[in-house]
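Visitor: Protein sequences, first through last, are from chains A and B. Residue 1 is where the first sequence starts when you use full-length UniProt numbering, and the numbers rise one by one after that. Residue 1 is where the second sequence starts when you use full-length UniProt numbering, and the numbers rise one by one after that.
Among the hints, a few may not be true.
[Stated by the list, open to error] With the C-beta cut set under 8 angstroms, the calculated list includes, among others, these residues of chain B facing chain A:
hint, residue
1, L11
2, T15
3, V23
4, V29
5, F36
6, F37
7, V39
8, G74
9, A116
These are calculated hints, taken from the structure and not from any lab test. These numbers were taken from a predicted model, which means no experiment stands behind them. Where is the CB? At the ideal position from N, CA and C, for every residue including glycine.
Spelled out, the chains give:
Number of protein chains: 2
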Amino acid sequence: MGKQTGGNGTLGNHTITQIGLLVHDIEAVSAAYAQFFGVEKPNWFWTDTVDKAQTELRGESTEARAKLAFFDMGSLQLELIEPDHNPSTWREHLDQHGEGIHHIAFGVEGMKERIAAMEKGGMKLIQKGEYTGGRYAYLDTFGPLKVMLELLENDK
Amino acid sequence: MGKQTGGNGTLGNHTITQIGLLVHDIEAVSAAYAQFFGVEKPNWFWTDTVDKAQTELRGESTEARAKLAFFDMGSLQLELIEPDHNPSTWREHLDQHGEGIHHIAFGVEGMKERIAAMEKGGMKLIQKGEYTGGRYAYLDTFGPLKVMLELLENDK
Numbered sequence: 001m002g003k004q005t006g007g008n009g010t011l012g013n014h015t016i017t018q019i020g021l022l023v024h025d026i027e028a029v030s031a032a033y034a035q036f037f038g039v040e041k042p043n044w045f046w047t048d049t050v051d052k053a054q055t056e057l058r059g060e061s062t063e064a065r066a067k068l069a070f071f072d073m074g075s076l077q078l079e080l081i082e083p084d085h086n087p088s089t090w091r092e093h094l095d096q097h098g099e100g101i102h103h104i105a106f107g108v109e110g111m112k113e114r115i116a117a118m119e120k121g122g123m124k125l126i127q128k129g130e131y132t133g134g135r136y137a138y139l140d141t142f143g144p145l146k147v148m149l150e151l152l153e154n155d156k
Numbered sequence: 001m002g003k004q005t006g007g008n009g010t011l012g013n014h015t016i017t018q019i020g021l022l023v024h025d026i027e028a029v030s031a032a033y034a035q036f037f038g039v040e041k042p043n044w045f046w047t048d049t050v051d052k053a054q055t056e057l058r059g060e061s062t063e064a065r066a067k068l069a070f071f072d073m074g075s076l077q078l079e080l081i082e083p084d085h086n087p088s089t090w091r092e093h094l095d096q097h098g099e100g101i102h103h104i105a106f107g108v109e110g111m112k113e114r115i116a117a118m119e120k121g122g123m124k125l126i127q128k129g130e131y132t133g134g135r136y137a138y139l140d141t142f143g144p145l146k147v148m149l150e151l152l153e154n155d156k
């Protein structure tokens, strides 16, 4: 298997672009990463409110938001996520499993078709939302892949 | 923060080179990844026996071995790990937390000095061992970083 990352898989590529890490205190964990790796501490920011983000958890609108901070770690980003207490996959996972990795993310084109293909294969859409310049979706891929996947589609 | 990945941090870089995923059945999970991502299924192999691997868990020699399989996922590798039932961080984590991500890995130079620096900072060495062409170490970095780190040092 070579370095070629296009192809005929379900997502059209197999390049991990982000690792999402759930934390209780984004300020403290950001500071720890910055110090440990000798890099600048990024500013965290809130995800958009539901009117903009159109966040849905299992098909139901939710006001959930999260603080996010991103570290460039080679060719991918480590995403720190501190969710608020509204219903979200972030909050559920943090409450059930504690701090740690929540998902690995892949960029896609044709989000709707990718989700449809995955749902056809028994992988359920858990949460989706919009951000400035694109949209995301988390799917329950624990059964076959043992980790949650996030799809990211950026507008062109 | 740019794409520059050298620097003065504890490891000398901040490039994630592997994500380690614990599984119960490496054959089944490898097949699922290969099918989902449209890539070839890699062959798994056993880690070396203790006489070669010199595996130590918390300073004690252990006969633990694991089946490993690697997928290239962009610029990093996804490492599937199916441990045997001898004492190891893999077996402990799998028994306690179930299948899922176990660690993120970074390449280093000067393994001993890196471990010493981390231990000085309160991060304990959990397991270490040798493989053909190099050596690895897992350190308990859950407190500050919320995920376990693996250091990899390849011979030049």
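Visitor: Take the hints in turn and mark each one as holding or not.
Guide: Results for each hint:
no. : hint : verdict
1   : L11  : 7 angstroms, holds
2   : T15  : 3 angstroms, holds
3   : V23  : 6 angstroms, holds
4   : V29  : 6 angstroms, holds
5   : F36  : 5 angstroms, holds
6   : F37  : 4 angstroms, holds
7   : V39  : 6 angstroms, holds
8   : G74  : 3 angstroms, holds
9   : A116 : 15 angstroms, violated
Going down the numbered hints, you'll see the structure goes against just number 9.
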